[in-house]
Structures are given as structure tokens and as C-alpha cells.
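**Student:** The residues making up each chain are set out below.
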Amino acid sequence: MALICGGAAFGRATEAERSVIQITTYMQQPVWDAPWRFESVQRAGGTGFVIKGKRIMTNAHVVSWARQIIVHRYQDPRPYVAEVEFVGHDCDLAVLTVEDQRFFENLESLDFGDLPKVRSAVLTYGYPAGGEEISYTRGVVSRIQLEPYAHIGNRQFLSVQTDAAINPGNSGGPVIQDDRVVGVAFQGQPGLENTGFFIPPPVIDHFLKDVVDNRYDGFPQAGARVVPLQNPAYRALLKLPDDNVGARVDSLLPIPSSEKVLKPEDVLLRIGQYPVASDATILYQGNRLSAALAFQFAQQGETVPIEVWRDGCKQELALPVNIYDGDRAGGFQYTGLPRYFVYGGLVFTPLSLDYLRTIGRNAEQSNSDLYYELYYRRAENSSKARPEPIVLASVLADAVNANVSTRGRMLVDKINGVRIERLEDVVRAFETATNNFDVIEFVSHHSFECLDHTEVTKANAGILKTYGLPGDRRL
Amino acid sequence: MNQFSFKLRTWPFDLRRVIGVFRPALIVLLAAMALTFSMSASAQEERLTGWERSIVTIEVSRKQYDYYQPWSKRTRRFQKIGTVIGDRQILTTADELFDRTLIRLQKGGRGRWWLGEVSWLDYHANLALVTVSDENFWRDLKPVSFGSAAKADGGYQIVRWREGKLENRRAEFTQFTVRDSQLCPIDMVTLEVSSEIQGVGWGEPIIANSKVVGILWAQETRTCIAMPASFIQAVMDARKKGEYHGLGYFHFFWQQSENPASLARLKLPGEARGVVVIDVPDRPDGGTQVLKPLDVILRIDGFDLDIQGDYDDPEFGPLLLENLATRKKWAGDDVKMQIWRDGKQLDVTYRLPKFEYTNSLVPAAVFDKEPEYLIVGGLVFQPLTESYLASWGNEWKRRAPFRLNFYRNETTAKEHPALVMLSQVLPDSYNIGYQEQRYLVVDKVNGQAVHYLPELQQALQKATNGFHVIEFAKGDGLRRMVLAAGDTEHEATTRVLKRYGVTDGFRFADAKN
Numbered sequence: 001m002a003l004i005c006g007g008a009a010f011g012r013a014t015e016a017e018r019s020v021i022q023i024t025t026y027m028q029q030p031v032w033d034a035p036w037r038f039e040s041v042q043r044a045g046g047t048g049f050v051i052k053g054k055r056i057m058t059n060a061h062v063v064s065w066a067r068q069i070i071v072h073r074y075q076d077p078r079p080y081v082a083e084v085e086f087v088g089h090d091c092d093l094a095v096l097t098v099e100d101q102r103f104f105e106n107l108e109s110l111d112f113g114d115l116p117k118v119r120s121a122v123l124t125y126g127y128p129a130g131g132e133e134i135s136y137t138r139g140v141v142s143r144i145q146l147e148p149y150a151h152i153g154n155r156q157f158l159s160v161q162t163d164a165a166i167n168p169g170n171s172g173g174p175v176i177q178d179d180r181v182v183g184v185a186f187q188g189q190p191g192l193e194n195t196g197f198f199i200p201p202p203v204i205d206h207f208l209k210d211v212v213d214n215r216y217d218g219f220p221q222a223g224a225r226v227v228p229l230q231n232p233a234y235r236a237l238l239k240l241p242d243d244n245v246g247a248r249v250d251s252l253l254p255i256p257s258s259e260k261v262l263k264p265e266d267v268l269l270r271i272g273q274y275p276v277a278s279d280a281t282i283l284y285q286g287n288r289l290s291a292a293l294a295f296q297f298a299q300q301g302e303t304v305p306i307e308v309w310r311d312g313c314k315q316e317l318a319l320p321v322n323i324y325d326g327d328r329a330g331g332f333q334y335t336g337l338p339r340y341f342v343y344g345g346l347v348f349t350p351l352s353l354d355y356l357r358t359i360g361r362n363a364e365q366s367n368s369d370l371y372y373e374l375y376y377r378r379a380e381n382s383s384k385a386r387p388e389p390i391v392l393a394s395v396l397a398d399a400v401n402a403n404v405s406t407r408g409r410m411l412v413d414k415i416n417g418v419r420i421e422r423l424e425d426v427v428r429a430f431e432t433a434t435n436n437f438d439v440i441e442f443v444s445h446h447s448f449e450c451l452d453h454t455e456v457t458k459a460n461a462g463i464l465k466t467y468g469l470p471g472d473r474r475l
Numbered sequence: 001m002n003q004f005s006f007k008l009r010t011w012p013f014d015l016r017r018v019i020g021v022f023r024p025a026l027i028v029l030l031a032a033m034a035l036t037f038s039m040s041a042s043a044q045e046e047r048l049t050g051w052e053r054s055i056v057t058i059e060v061s062r063k064q065y066d067y068y069q070p071w072s073k074r075t076r077r078f079q080k081i082g083t084v085i086g087d088r089q090i091l092t093t094a095d096e097l098f099d100r101t102l103i104r105l106q107k108g109g110r111g112r113w114w115l116g117e118v119s120w121l122d123y124h125a126n127l128a129l130v131t132v133s134d135e136n137f138w139r140d141l142k143p144v145s146f147g148s149a150a151k152a153d154g155g156y157q158i159v160r161w162r163e164g165k166l167e168n169r170r171a172e173f174t175q176f177t178v179r180d181s182q183l184c185p186i187d188m189v190t191l192e193v194s195s196e197i198q199g200v201g202w203g204e205p206i207i208a209n210s211k212v213v214g215i216l217w218a219q220e221t222r223t224c225i226a227m228p229a230s231f232i233q234a235v236m237d238a239r240k241k242g243e244y245h246g247l248g249y250f251h252f253f254w255q256q257s258e259n260p261a262s263l264a265r266l267k268l269p270g271e272a273r274g275v276v277v278i279d280v281p282d283r284p285d286g287g288t289q290v291l292k293p294l295d296v297i298l299r300i301d302g303f304d305l306d307i308q309g310d311y312d313d314p315e316f317g318p319l320l321l322e323n324l325a326t327r328k329k330w331a332g333d334d335v336k337m338q339i340w341r342d343g344k345q346l347d348v349t350y351r352l353p354k355f356e357y358t359n360s361l362v363p364a365a366v367f368d369k370e371p372e373y374l375i376v377g378g379l380v381f382q383p384l385t386e387s388y389l390a391s392w393g394n395e396w397k398r399r400a401p402f403r404l405n406f407y408r409n410e411t412t413a414k415e416h417p418a419l420v421m422l423s424q425v426l427p428d429s430y431n432i433g434y435q436e437q438r439y440l441v442v443d444k445v446n447g448q449a450v451h452y453l454p455e456l457q458q459a460l461q462k463a464t465n466g467f468h469v470i471e472f473a474k475g476d477g478l479r480r481m482v483l484a485a486g487d488t489e490h491e492a493t494t495r496v497l498k499r500y501g502v503t504d505g506f507r508f509a510d511a512k513n
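If you're matching them up, the sequences are chains A and B in order.
Numbered continuously in the numbering used here, the first sequence closes out at residue 475.
Numbered continuously in the numbering used here, the second sequence closes out at residue 513.
Certain hints may be false.
Derived Cβ-Cβ restraints for the label pairs, each shown as a range [claimed, not checked]:
#1 B:Asn394 <-> A:Leu283: 45 to 51 angstroms
#2 A:Gln156 <-> B:Lys444: 43 to 49 angstroms
#3 B:Glu315 <-> A:Val418: 46 to 52 angstroms
#4 B:Arg351 <-> A:Leu337: 50 to 56 angstroms
#5 A:Gln300 <-> B:Phe367: 54 to 60 angstroms
#6 B:Glu395 <-> A:Gln300: 41 to 47 angstroms
#7 B:Glu436 <-> A:Gly286: 35 to 41 angstroms
#8 A:Gln315 <-> B:Asn394: 49 to 55 angstroms
#9 B:Glu395 <-> A:Val418: 38 to 44 angstroms
#10 B:Pro260 <-> A:Pro148: 47 to 53 angstroms
#11 B:Lys344 <-> A:Arg407: 48 to 54 angstroms
#12 A:Arg407 <-> B:Arg495: 54 to 60 angstroms
Worth flagging that the hints you see were computed from the coordinates, not collected in a lab.
From the three backbone atoms N, C-alpha and C, an ideal C-beta is built for every residue, glycine too.
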């Protein structure tokens, strides 16, 4: 029905569906409060599509923590094993390869189109839950704006909202318009009906250009918090004409390259080719979008020409843009298994969003000190911030820790007098101790616990064996 | 988990909010009954016998503030229970007596209402005495006797007026424990009983052996929570002698000593005992802290402490040491402590500081004061208080903005004794571009640090070149705002007040109070 109703725009959609791939992933996520363990293996379904170079494009979240990725061609029962070639967790995109080259026989790669217009029709292809056959859903582009990308949790990129149903399993599937891919379906929004989102060509282009050097760097940042500048008094104070142009730099992220070029109170008049409006937006292909977008076209290490208003006059500047990972722990992590160190049954691991999620939905309230440390400390009091805050995640019960009253979820301040800035400090503090007692001090009101150093040294191996740990550390 | 003194834990303010839904129906019913019954006052009084002669209904009307719109106020009316305890003295809890406008009392559960007044009230102890000036009210009323809550041979009973009849429900003993007082975060002994009665916690007496052994102040499902009579009596006696100046507390944090290694580290000889002091903040009264981190407190006021921090109370059995700050001790009193410090046993005297609501960076409560605010061109500034945060409803600790809530964990300091925030913006052409801004804590205005609303008002007199520069605390929100000063500002303020129906542009109390 959708094909018939689609008219000329969808007339050759049947060609595209042959290039749409069904993906089955067997994934196993780590347990963040018992970091040597893994959750049980889960089967997840997703979609992908063939792109140039005999590759499959899909979402990063479709293949994250994969133990095995199986891909199926359209109406072909034969399973093929795929591997992740590149993955961009920030932009939720991934490229897969299939070693068995028969997989790509008679498969056409799909070409990419441009950012679709608002109100234009699109067709999504995918293998959503509820059946094994390919599914098509038609929709209209409802809105284009920067949206939070749920996979990483703390980044916003360009996103297109459509009323086409995008359900679990659709993820990674192509969104087609005029025989070209204009997006990759990737997320919905709980509570909103008939709403799905897809990743549009500008983000896909950035990802594909990034991996040309066989390495994915990610999206760099300008390092500035840019806010609207619409109050006449503020504009007058800055001697800016009341022409609705220019947004203000309210504060800077601790990115040295940005701090060298930008200053708080700079007014951004233009970013690259895009004039910046007073509401901190740019006009991009007919859409008024957050000015942050103008920095997202650049690759890591590139320089973006900007025009700023500073000290009452215009200045042309070149702003190097770089990856900022200072807030890495505040987003979901997928690269590398969680780090940990176990001593006397006490499990130490870096504080992260993934760890906080193990506490439950109310972690923000029930463990507010951890939440504050993760999301506010660095911005408010950088001198007291630790590069990698460490938590006592849990306690593996044993005779040597039987009298330790805390059961975990405590932010560690010092161990044996050593201020704990990162996990390596924990290892060093215990392994270089010379006193009879190990003293672990926590941030919360300087509460502390003691362990008998000699007894712990004797007990460590037994604890690892009892609880099935492959080793006492993953650094 | 470790336990600490000076805990600013959840106030059970919200415990009875659920109960509150029963009240309007009760009020309507009682009003209807008052019309229906035409029994004369004298006839009614002759009818009163037993507990009916000692328990009265108290109706309180009070102002209720909307902290979202601090300039507006509503009235609230509800009922609670009072117990006659002496000559012209009716005892009840202090809860909901703040911001009162009218008090009426009714005896016998029906009939005439008598005008009353609060003769004494203490929010720390959550106790109040109500009286009636009309002599006729006291005819046929009889004071009760207090008894020990620990002696209840025949079990407990909860008594109250309900629908014109004296309701008398059985209750079973659950425990004596120590928990935060209702209207301040000071720990004190409580009696917990279990009963099928619903909607109590409003001053109802608990009876045992024909004596009042406690007054109810909260209810959590079947658990009814009361302050024992001995605590009430001690407060009353101290008050009579002029020795009561509010409750004191232990202004330090401690942890249990269940881990023998902790005590061994501190070289405490002999059997494991006592608790370890871990954090000793500056005293709010500026006094000297006699305790130091890593002191082991062995004994308080003559009572030995075990490793959980309990002592053996002569009346109630094992109780948390916090109770020794309120057991016949009041703010300003000295408490003897035996401690272990640096390998030696010492005796020290700890003077109990008075709990002051304004000593917290986010004041724990605001009683009998209208909410403070200052409106400048539509920008609404308010002090950050728990009363403001409580505007988010029963689950305000979860629902109120995280960062504002987290300020409750921070202590006051000279450089930030209190916080003023931009709570909202009433949209106007003057403040265009800032309409969405809210919940921003003010750092400086026109270069001057701001902690109180009067300071903000003064700082606004120091505009430079016709502009106000407002700087907000570092965080995830806006850092800086600029607005026009002078006539433009004043015209905007006038316009906003008129448009939004606000009578006064500001209201604040003494800056340091």
C-alpha cells in the first residue's frame, strides 16, 4: 500500500529494499558495579543498509557490546557474520564489514541525499520487532533541530523528527526520499506518539569523512556556551547595534585551544559561513537551528573561521575545534570495559553515569553527592575536581571486611593518606602502604573504614577465587 | 551506613499530608452537626465525663503561602486535638500553628466554638499551649495526669473527637526510637505504636493506665508516632523555671565503631566501645569546639556508649546517643563527655548549641514570616529556603531542581551565609531575552556580593553607566545578565506589578534573621 500510495517518489523503492540488511546482535554488557562480570547474553534486532565500499551502515547502539553480529540479506535465509569497522558512539553510527564477500553479490549500495525539507514525505525501511519481514512506514518530516542523542546521553546533534513509526528493530534502517538515503532511523521519544527520529545526512557525512583515515575521532566542540543576546540593555552595554545579529559567549569549557581564542562576553557574529542570530541560531537550509550546529561540520583539529564582537568592534578569528572528553564519564561509555581494582573485597571503580544507573532511577536523590561530583563539581569548582573520581562500588563479603559497615556507593577521598584522583592512585595507595592498617577515607563527612593490611594481603587471592574474579584489577 | 549527629534528614512534614484529605470532609460534617444539635452549652457540659472532659477540638485558621507567587496568600483551616493539662492550659503540637490568624476551641465534640489563643509555643519541641479567656469554657474541664510511656500494663489507647463522638482506639507498642523532630531536624525520643486508627498525628493523646503517656505528631501507615510524656513534662518544667530556651543538639558527625580495626587504629584499649567523631564543623554560635576528628566518645552525661552509638536509657532502653542532647538538656546546657584522644582518656564539657533555622545555608523552615521576595523589572528574587523547595510537593526532595536541593548539603561560610536566587521572570519588554531564566543563584549584582535580599536592593543602587550587571553562581545555567537601570527599570517594575496583580514590589524581613 505504501508503495502504491507513494507515487513517483517511492516508485523504485523495491530496488532499495534489497540493500536493506537485517541485523541480529548477540550482545553482552558489563556490570558496572561488579565490573569483572557481564550481564547475560541478549539478542537484539536492528537494521542496516549497504553503502559504498561494500560496507553496511547502521546505528552504534545496534552493535554496541556485540559478541556476535549476524546479518541477513533481503529474503536470504543464509546468516553472515559481520564485524564493526568503525563506530561513532557520539553520533550513534557504525559501519560494518562482512568477510564473506558473497554477501555483497548483486547488492547495490544506496546513495545519500540531502537534508530533507520539512513537510516532505519519507519512507523508512527496517526490521522492527513483531515480525521477520521487512517493514515500510511512510511519514512526513515534522521538524528539524538539534536533539540529545540517547545512545551517548550527553551530546546533541542535528536530528530529523518524523511521524513515521520508528520502533525497536528499525534502528539503523535507511530513511529514503527520491531513491536516496536522507537519514538513519535511530530513536523515539517516550510519551510522544507517532514520533520517530532519524540521523540526517550532515551528521552521516561527518562520520564518513572522519573515518577516511581509518580512525574515528568524533565531533569536536567549540568549547563555548553560547546564549541568546536579545535584551536591548545588554546589547547597548556591549555597544552592539540592535540588528538581531550576534549571540553571547556566556562561559567556556576547559578546552585550552578554545580558551586561547575565545573570551566570555565575546559576541559570535558569524561561524564559518553562517551569520549568528541574536537567539543563538543560524539559518541552515531553510531551518533555524542552534548555532552549535555551525561548529559540527568541522572535523577534529580543524579550524573554524569566526567573526566576533569584542571590546566594541568586530574581529576575525580562527577557532581550532577539538574533541572534549572531560565529560566522558557523564555519558554512556562503550569503548573499553570498566576499570576496577579489588582489595580486601572492596571494589573500587571510576564514577560514571553507567555506574550511577546501577543504583536505580533515584540515584540523583539517593546518591546526590555522587551525582553532584559527576555533573557539577568540574564546572563549579574545578580546583577540587578529580580527573577520575573513584567510588567504593561494593564490598565482597569476607572475614577481612566483615566489620566494614559501608556497603558501597561512597566517593573515595583518600586511601592511606593519598588523595585519590584516579584508579591508579588506589592501587598505589594500597600497594605502597607501610602501616598495619589501611585507612580508606570517604568524601562524605570524612567517614572512614580500616582494614588490617597483613590480613588483607593474605586474603586477597582467596576472595578473588571465591567470587570468580579473573584478577584483582583492570586498569 | 554510618550515622551522624547534626543530620539534616527528611522532615516528616509530609507524613500527614495524605491524612489532610480526610480533614475537609470532617470539617463539613462537624459544621453540619453543629447546626443540627441545639443542645444548650450547660446541658452539654453536664453530659461530659471521663476523657470527654479533658480532650478538646482545636480549629486553626492560618495563612498559607504560595512560594511560586510569594506575594499571594491563601487561608487554610483545619482541626487538631488538644488535651487539658492544667489551669487554663491545653496542650497540643505546634505543627500548623504557624502563621495563624484565628484559633477556636470546642469541647464535647460538638456545640459552641470558643475563641482561643496560643499562650506558648515552641517549634523545636513541637509543643504548644492554647488557652481560652472565657471562664465559662473551663467549667467542667479536667486536667489529665501524665504517666510513663514505658509503663502500659493494659496497653495503649488513642483518643480523639470524631464526628461528635469520642473515638477510642487500641494501639500496640512498637518501639521507642530516636528520630528527627517534626518541625526541626533535631533528634529526640519518640514512642511508636501500631493502630488501625487513621488520620492521626494532630496532637491526639495516647493513654495508658488512665494517664496521658504521649502526644501524637505523625502517622506512617499503621505506625503512629508520638512524643513521650516524660519529654513533654521535662520541657514544661524547664519552661516554668525559665530554663528552656529551645532544643540543643550535637554539632558534629560521628560514625559507629563496629569495625575493630578502626578502634585499634586509634589505640583504644580494652573492649570495643564508643563512637568515632569524624567531622567537626565550626559551631554556629561561634563557640569553641571541644571535640576533634578521631576522638572516640566513650560516655555522654554519665551514660556509656556502645559501638552502635546507643546508650541504655533508664526509661526507654537502648536509644541513639543523639537523644542525650535533648534528654533533660536544652540549648546552652553543658553535657559532660568522656572521650579517648591521642591515646588518653579525657573529660570534656560540651555546650549544646541552639538550633537556629537560619544557621543553614538553606534555612530549614520559615515560620510566622511571610515569604520574602524582590521584583525588579519582572525578575523575581527570593531567598533559597526549604519552604520554597517544599513547593514541589510531598516528593520535593526528588522533584525540586537538583542543584537547588543540593545546596542543602552545603554549609554556611562567611563568604556565603545565605543564598538569593532568581526564581522566575515575569515576562515584560524590559526583560526580553531572559523570560525562560529561573532557579539561578545570584553571586553578584553590580560587582557587589549578594546573600540577602536587602543586599540585592542596595546593590541595585550601584548601577554603572545605566546598567545592572547580575552575575550568577557557576553551574550549568546562565552566568551573566545585563538590564537597564534607572527610569526604564522603575517604569518596568511598576508596569509588571500592575500587569501581574502584585501589590508590593518587595517584602523582606531583617537581613540577618
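**Student:** Against this structure, judge whether each hint is valid.
**Tutor:** Hints versus structure:
The hinted window of 45 to 51 angstroms between Asn394 (chain B) and Leu283 (chain A) holds, with their beta carbons roughly 46 angstroms apart. About 30 angstroms separates the C-beta atoms of Gln156 (chain A) and Lys444 (chain B), a value inconsistent with the hinted range of 43 to 49 angstroms. Between Glu315 (chain B) and Val418 (chain A) the C-beta distance comes to about 48 angstroms, which sits within the given range of 46 to 52 angstroms. Roughly 54 angstroms separates the CB atoms of Arg351 (chain B) and Leu337 (chain A), a value that falls within the hinted 50 to 56 angstroms.
For Gln300 (chain A) paired with Phe367 (chain B), a C-beta distance near 58 angstroms keeps the hint of 54 to 60 angstroms intact. Under the hint 41 to 47 angstroms, the C-beta atoms of Glu395 (chain B) and Gln300 (chain A), about 44 angstroms apart, fit the expected range. Separation of Glu436 (chain B) from Gly286 (chain A) is about 25 angstroms and departs from the stated range, judged on CB atoms against 35 to 41 angstroms. Restraint check, Gln315 (chain A) to Asn394 (chain B): a C-beta distance of roughly 54 angstroms satisfies the suggested window 49 to 55 angstroms.
Look at Glu395 (chain B) against Val418 (chain A): about 40 angstroms separates their beta carbons, and that is inside 38 to 44 angstroms. Distance hint for Pro260 (chain B) and Pro148 (chain A): a CB-CB separation of about 50 angstroms, consistent with the stated range 47 to 53 angstroms. Roughly 34 angstroms separates the CB atoms of Lys344 (chain B) and Arg407 (chain A), a value that falls outside the hinted 48 to 54 angstroms. One distance hint, 54 to 60 angstroms for the beta-carbon pair Arg407 (chain A) and Arg495 (chain B), holds here, with the actual separation near 58 angstroms.
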